[in-house]
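Chains P and Y supply the protein sequences, listed in that same order. Each residue of the first sequence is one higher than the one before, starting from 1 at the first, in UniProt numbering. Each residue of the second sequence is one higher than the one before, starting from 1 at the first, in UniProt numbering.
Hints are not guaranteed to be accurate.
To be verified - Calculated cross-link-like contacts (lysine to aspartate or glutamate; reagent style DMTMM-like; alpha-carbon spacing at most 20 angstroms): (1) 311(Y) / 115(P); (2) 91(P) / 344(Y); (3) 213(P) / 181(P).
FYI, nobody ran anything at the bench for these hints, they're computed from the structure.
There are 2 protein chains.
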Amino acid sequence: MSTIDTLSTPAVLIDLDRVEANLKRAQDYADAHGLPLRPHIKTHKLPRFARRQIELGAAGIACQKLGEAEVMADAGLDDILIPYNILGEEKLGRMKALARRIRLRVCADSRTTIEGYARAMRGEPAPLGVLVECDTGMGRCGVQTPEEALALARAIDAAPDLSFDGLMTYPPAGRIDEAAEWLGKAVELLAAAGLPARIVSSGGTPDLWSAHKVSVATEHRPGTYIYLDLSQVKAGVGTVSDCALTVLATVVSRPTPNRAIIDAGSKTLTSDTLGLEGFGLILEAPDARIVSLSEEHGTVLLPDGQADRLKVGDRVRIVPNHACPVSNLFDTVYLVSGTTVVAEEPVAARGKVT
Amino acid sequence: MSTIDTLSTPAVLIDLDRVEANLKRAQDYADAHGLPLRPHIKTHKLPRFARRQIELGAAGIACQKLGEAEVMADAGLDDILIPYNILGEEKLGRMKALARRIRLRVCADSRTTIEGYARAMRGEPAPLGVLVECDTGMGRCGVQTPEEALALARAIDAAPDLSFDGLMTYPPAGRIDEAAEWLGKAVELLAAAGLPARIVSSGGTPDLWSAHKVSVATEHRPGTYIYLDLSQVKAGVGTVSDCALTVLATVVSRPTPNRAIIDAGSKTLTSDTLGLEGFGLILEAPDARIVSLSEEHGTVLLPDGQADRLKVGDRVRIVPNHACPVSNLFDTVYLVSGTTVVAEEPVAARGKVT
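Kindly generate the complete structure, drawing on both the sequences and the hints.
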C-alpha cells in the first residue's frame with residue numbers, strides 16, 4: 001500500500017469513502033421516494049462503480065455512447081439505457097448486437113432515427129425498447145411538444161421490431177417544475193391515445209434532491225452525484241468535503257510573489273467553467289485562484305503577502321469545476337482512502353467516442 | 001481503401017496533403033532564414049509526423065511531458081527538448097533513463113528544479129543540458145529578469161553533471177519584439193559572465209512567420225503549424241483551407257427550424273475557445289454557429305429560413321478552435337487524402353499526463 005505522496009502528477013484521485021457515501025445518500029433518497037435510480041456512468045466510466053451502483057439498488061445504468069455500453073455489458077451490467085439518437089450503419093449494427101446480449105433501451109427524437117432502429121432490428125427475436133426524447137426546457141435534443149412525442153410514439157409502435165417504452169428527458173438545472181408539467185401533459189396524451197408511457201426517465205444531479213417532484217417520472221438518471229464537483233457544490237447538491245474526485249498536482253514554478261504554476265492544465269482540468277470563476281478549487285490554498293489554463297500549465301494567483309506559500313515542488317489537491325470530462329482525460333485513476341492508494345484503476349470506458 | 005463516409009462519428013480526420021504542405025512551408029521559411037525548427041509534438045502526438053518533421057529538416061523535437069518524450073524516443077526520435085520543469089523522484093528517474101538513450105535537454109526556472117536535476121544526474125557519464133526558462137511576457141513560467149537567468153545559469157554551471165546550454169521561452173502571440181529585446185539582454189549578460197547561451201529556443205505558431213525577427217534565437221518550436229486551427233487562422237498563420245485536422249460529426253437531432261445538434265461535444269471539440277466566438281467552424285454550413293457544447297452534444301444555430309439544411313443523419317466536417325487538445329481526446333485518428341481513408345493511426349503519445 002502506497003500513499004498519494006508517491007504518485008507522479010498530475011493524477012486523479014478518487015476517494016472511495018466519499019464515493020460510497022455519495023452513492024448511498026442518493027440511493028437512500030431514491031428508496032425513500034420510491035423512485036428508481038438509473039445512474040449515468042459518464043462521470044466515472046468505471047465498471048466497478050457501475051456494479052456498486054447496482055448492488056446498492058440502482059435499477060440499471062445509462063451510457064451516452066454505444067462504446068461505453070459495450071464496456072459495461074462486458075463487465076456484467078445487463079440493463080442499459082442509451083439516452084441518445086443512434087445513427088449510422090456501423091453503430092446500428094453494434095446496437096443490434098448489444099440488444100441480443102442485454103436489456104438495452106435507446107432513444108429517438110426524429111423519424112430518421114426511428115427508421116434506422118426499425119431497419120437494424122428487422123427480424124430480431126425480441127423488440128428493441130425505444131423512448132422518445134423530450135425537450136422540457138434544455139434547448140438541446142428532444143421533441144418540442146407532447147403532440148410531437150405522441151407522433152413519434154406512434155411511429156415506434158408501428159415498427160414491428162420496436163417497442164414504444166416511454167419518454168426520456170434531461171431537464172435544465174433548477175427548472176424541474178417545467179419539466180414535470182411538460183411530461184405530465186405528454187403522459188396524459190399518450191395514455192389517451194392507447195400508448196402508455198411505461199417509462200418516464202428524467203435526469204441530472206443538480207436537482208437530484210427534488211427529483212421526486214417529477215411525479216410522473218419512473219426513474220431518475222443522475223451522473224455527477226457519485227463524485228460531485230464545484231458546479232454541483234454551487235447547485236447545493238453537496239459540499240466541497242463531499243467531492244470524491246480531486247486532481248493531485250505539483251507546483252512547478254513560482255515566478256513572482258503572486259503567481260504559482262501547477263502541472264494541471266486543460267489536459268487535466270479541462271476548460272469547462274460551467275459558469276464558475278476560475279478552473280477549480282485548490283484545497284490547500286482556497287484563497288488562491290486558478291485564473292487560466294494552457295494545456296500543461298495552470299496559472300494560480302495568490303493574494304499579496306503569500307510569497308512563501310505554494311513553493312516549487314509542493315503538491316496540492318484540486319476540486320475541478322466539472323468532474324466528468326476529467327475522468328475522460330485519464331487512462332487510469334487512483335482509488336484512495338484518505339491518503340492511502342488502494343488501487344490504480346483503468347478508466348475502462350474512457351475515450352469511447354462512438 | 002475506404003472513404004470517410006464509412007467512419008462512425010465523431011472521428012478526427014487528418015488531411016495528409018495539408019500536413020505535408022504545412023510542414024514544408026514552415027521548413028522552407030526556416031531554411032530561408034537559417035533558423036532551425038524544433039517542432040513541438042503536442043499538436044499531433046504521432047511518431048510518424050515527428051519523423052516526417054525530422055526528414056524535412058527539423059533539428060529535433062520538443063515534448064511537453066516525459067511520457068511523450070518516451071514514446072517518441074521509442075519511435076526513434078533521438079533529439080528531444082522538454083521545455084518544462086521536471087519535478088518529483090519518479091519523473092527524475094525516468095528523465096535520467098531517457099538521457100542515457102537520446103540527446104535530451106530539459107528546462108528550469110528555479111533552484112529547486114535545478115537541484116533535482118543535479119541530484120538525479122549525479123555520476124552519470126554525460127552531463128544533462130539544461131536551459132533556463134524565461135518569461136518574456138507570457139506571464140506563465142520563467143525567470144522574470146535577465147539577471148535571474150544569469151543566476152540560474154550559474155547554478156546549473158556549478159552542478160558537475162549538468163551543462164548550462166542556454167535559454168528557452170514561449171513568447172506571447174503578437175509580442176515577439178518584446179521577447180527579442182528580453183532575450184537579447186539576457187544573451188549579452190550571459191556572454192559577459194562567461195556563460196554563453198549556445199541555445200536560445202523560442203516558440204509558438206501564431207508568430208511563426210516572424211520568428212526570424214528574434215535574431216538571437218537559435219531555434220524555433222512551432223507546434224500547431226502542422227494542423228493549424230481557427231485560432232491560427234485568426235492569427236493569420238494560414239487559411240481555413242490549410243487546416244489539416246477536422247472533426248467529422250453527424251447531425252443527430254433537428255429539434256427546431258434553427259437548431260441542429262451534432263454528436264461532437266466537449267469530449268470531442270473541447271471547451272477551448274481561445275478567445276473565439278463559438279466552438280468551431282462547420283465547413284458545410286459556415287453561416288451556422290456552434291453556440292454551446294455539452295459532453296456529447298454540440299448545439300448549432302442556423303440562420304432563419306434554413307430548416308431544410310443539416311438534416312438528421314447529415315455528416316459535417318468541423319475545423320476546431322484549437323487542434324492540440326482534440327488530438328489528446330482520441331485514441332486513433334484517420335489519415336485521409338481528400339475523402340479517402342489512408343490509415344487509422346493510434347495517437348501514440350495521447351494521454352501522457354506525466
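Comparing the hints with the structure gives:
Restraint check for residue 311(Y) and residue 115(P): satisfied, since their Cα atoms lie roughly 14 angstroms apart, inside the 20 angstroms limit. Of the pairs offered as hints, the one joining residue 91(P) and residue 344(Y) holds, with about 18 angstroms between alpha carbons and a cut-off of 20 angstroms not exceeded. Distance check on the hinted pair: residue 213(P) and residue 181(P) sit about 10 angstroms apart at the alpha-carbon level, within 20 angstroms; holds.
Hint compliance for this structure: no hint is broken.
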